[in-house]
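Sequences listed follow chains A and B, in order.
Quick note, in the numbering used here, the first sequence goes up one by one and the last residue is 463.
Quick note, in the numbering used here, the second sequence goes up one by one and the last residue is 926.
These aren't lab readings, by the way, just hints derived from the structure by calculation.
Some clues are possibly wrong.
Unchecked claim - Straight line, CA to CA, 20 Å or less: simulated SDA-like cross-link-like pairs of lysine to any residue: (1) K170/A with K633/B; (2) K633/B with D289/A; (3) K177/A with L70/A; (4) K170/A with D752/B; (5) K633/B with E269/A; (6) K565/B with L70/A; (7) K648/B with V665/B; (8) K633/B with H271/A; (9) K565/B with Q234/A; (10) K378/A with T365/A.
Said to hold, decoys possible - Calculated from the model, a selection of chain B residues having no Cβ within reach of chain A, i.e. all distances over 12 Å: (11) W480; (12) Y738; (13) A845; (14) V868.
All values reported here derive from a predicted model rather than from experimental measurement.
All C-beta atoms, glycine included, are put in the ideal place defined by N, C-alpha and C.
Protein chains: 2
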Amino acid sequence: DVARSRRASGYPVARSWRRARQLVPDAKVALISVAGHYAADVARQALDDGCHVMMFSDNVSVEAEVELKLAARRRGLIVMGPDCGTSVIGGVPLAFANRMPKGPIAVIGASGTGIQEICSQIAARGAGITHAIGLGGRDLSAAVGGISALTAIDFVAADAASRVVVFVSKPPAPEVKARVLAALKLMQRPVVALFLGDRQAVRRDGNVHFAQTLDGAAALAVDLANVDSQASHQPSASGLGICGLYTGGTLAAEAAQLLADALGLHADETHAEGYMLRSGGHRVIDLGDDLYTRGRPHPMIDPTLRNEMIRALADEPTYGVLLLDVVLGYGANADPAGVTARAVAEMRAGRGGAPITVIATLTGTDQDPQDRASQAAKLEEAGIVIAESTRTAVELALRLVQPPVAGIGAPPPLLAAPPAIVNIGLRGFADELQAGGTNVVHYLWEPIAGGNQRLQRLVAALQ
Amino acid sequence: DVARSRRASGYPVARSWRRARQLVPDAKVALISVAGHYAADVARQALDDGCHVMMFSDNVSVEAEVELKLAARRRGLIVMGPDCGTSVIGGVPLAFANRMPKGPIAVIGASGTGIQEICSQIAARGAGITHAIGLGGRDLSAAVGGISALTAIDFVAADAASRVVVFVSKPPAPEVKARVLAALKLMQRPVVALFLGDRQAVRRDGNVHFAQTLDGAAALAVDLANVDSQASHQPSASGLGICGLYTGGTLAAEAAQLLADALGLHADETHAEGYMLRSGGHRVIDLGDDLYTRGRPHPMIDPTLRNEMIRALADEPTYGVLLLDVVLGYGANADPAGVTARAVAEMRAGRGGAPITVIATLTGTDQDPQDRASQAAKLEEAGIVIAESTRTAVELALRLVQPPVAGIGAPPPLLAAPPAIVNIGLRGFADELQAGGTNVVHYLWEPIAGGNQRLQRLVAALQ
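From just these sequences and the hints, can you work out the full model?
So this is what it looks like as structure tokens:
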């Protein structure tokens, strides 16, 4: 019947774990959906044989979960579950998962539909994922302590392709949350953390951004992935300063605030000489300040002063990023992009090759007199990066002056390539894996003595 | 030279305020950009003649600002400024402003480039504004007390076309912030408040949503405007309950949390019987809870139970909105939208005409086996509204059960139609207004005695 079963399904079927591994020797994950009572034993067998485990089964004791997860961690493996409904490893959708476009975002979550919704929202914004690693609903409880969360974070931290990370769960136990946050802060790349229902006053803690909703987490992750992609086309400015020269006071204030939040600095409340930020080797100046406009037209009208300050950066190699606003509309200069582009070109010519990335936001509409599209083209032609908002401009600047050291070396085996799977339990999962082109073997597992518990106790005693 | 000046400019030019009003009798706004020393007197003249004032001039004393603003408020007028660089009234861009597409969002702000950036971000998302009312940077200071902010809020509250409001400023003086927030909370429509740099832990207070960045404020306002537009195609459910029936636990948790936040209720922490929320006449149930899955397939696979609960709403007229998740992907039902649509149709047939709006989120990607586009089409054909996220689904549900009583009666005169303008000071502003098709008269204002202060004192003494 094994042969017949195989012919019907189109994938290999085995009567024993050993036979299953012979049929698919490079299987890396055991997808277990047998009744909870038996799931732990099956998982042990898989772990002992060097396989990661995704445990769809629920009704598994906390004690067994902890024992399995510790055993896995000792072997450099991970147990996703129990009661883990969703994972996507190397594009392979496990159990309840969506077929996702590939992309630079890794999702780690102790929530099945949370992972699915975030992944779907990422796809809806034209982005994709490397992996989505489910943890099981109890992983972040005090009893389990986040064992698999920490393992998943280690794996993703070593995966260079995962450029941005989203971590989603219901609010963990406080001590577990602290442990997970500490690990996320060491990930050397942007992280979006969503502890659903947790009213986080702080929006950011170093590389970790706190979201409040599933779609908000996805939108933020996609923004950060776009910034990362933009950064990859720019010279590094590692350790250099960020200089912001703004014609608009509110834009300067926002840039200064966001930089200060990210770098743990203090924005300049006094605005002396128009400085909104002057610390940590970075500065942001509001050129609309009275100091610069007394007896002189506003810099939105007359760019002379700002252009002088742009050119002066030729002699300031300690600055590696220049932030600018270009404001269109009535009352403003007829060609703000043109005049700015020329000043930037002159500045660069005088820097003796020392690179500087210039990032501009372009405030205005398609109906404005300066024709937004042509203004954008002028900036791009001058090698000026256009950011969609002050927020993403600041993210790009930060990314350049603090480049992440993402995953040097090979990714962990589990994440290196689409894994082959040993499926144990619900046959449908194997059917769908095979339909999706995944190398799968179905292990026709049955409980010892056909599930007769009296006989099982006898066998156990004999063993 | 007046005639010659007119011929050159194409718009009427006058030597006196009286003559200017004769040339453009329906002028509603005086745009003042004379030197600060004289601006208050010119403003007084305009207010005395029933004209609103936009004061671009700065270097105007606080005392004069307060006196002018109180005088204006007594007359049902507003003083935008001093140092007010940006307003757009009825599509007319005043001073530094962008030409904006029309739409349902009103912006009120004590920050020029803040208004410009938010308006531009709104336009970038395909939406538009009714008005953008500048207040001047000092309006929200303790000394001025938010006089024009309160007037602007009154005006917009009476303007039915302004369906969503964005309020932007740097953090006001505490007592002024409280006053402004109290007025915003009475506006009977969604408000997005951005006090730039203010770390607001609470994300929402009744109808007021708190944003953190300029682009975040714009994105939220556009979301709320889209919800408002969706709601206009749905029957009112005023005072009725919201029922959420979810297959995904995290989606249920998010819906319950957002409803609780908005309605000042408490989400059900115990999740007894899968209830995530059970108060205020509303309920949200997680049908993936063990109670509903013991001995029965998960509702994502087998919709039978949820369909029964959907049909049961035929006999529950106290519910006017049904929230659902439809989850695609491997492991899920082959046609979740189809089975759900049928149950909804049966439910509606049994409601004896009592309307109910059904709102679904559709979790999945275009690559999923169920073909997302065709699933969406099935929901829409069944009259089920598809929301982009749980967050916007909840906003639509709230909008229907708590319909705003937006601006009955005619809008205030200033906002009723594109205003004609008396321009006093910078000639360029008049040129641009005229180029943009606005009815403008330029008042060739000059200081008394040509600005000779000794002579001015003499004239004043004689008067």
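Going through the hints against the structure:
1. K170/A with K633/B: 33 Å, violated
2. K633/B with D289/A: Roughly 15 Å separates the two Cα atoms, so the pair holds.
3. K177/A with L70/A: Status holds; Cα separation ~18 Å.
4. K170/A with D752/B: 15 Å, holds
5. K633/B with E269/A: Holds - the C-alpha atoms of E269/A and K633/B are around 12 Å apart, at most 20 Å.
6. K565/B with L70/A: 60 Å, violated
7. K648/B with V665/B: Answer holds: K648/B to V665/B is near 15 Å, not above 20 Å.
8. K633/B with H271/A: Distance of about 13 Å is within 20 Å: holds.
9. K565/B with Q234/A: Distance ~38 Å between K565/B and Q234/A Cα, so the pair is violated.
10. K378/A with T365/A: Distance ~16 Å between K378/A and T365/A Cα, so the pair holds.
11. W480: 23 Å, holds
12. Y738: 15 Å, holds
13. A845: 21 Å, holds
14. V868: Its Cβ never comes within 12 Å of chain A, the nearest being 28 Å, so this holds.
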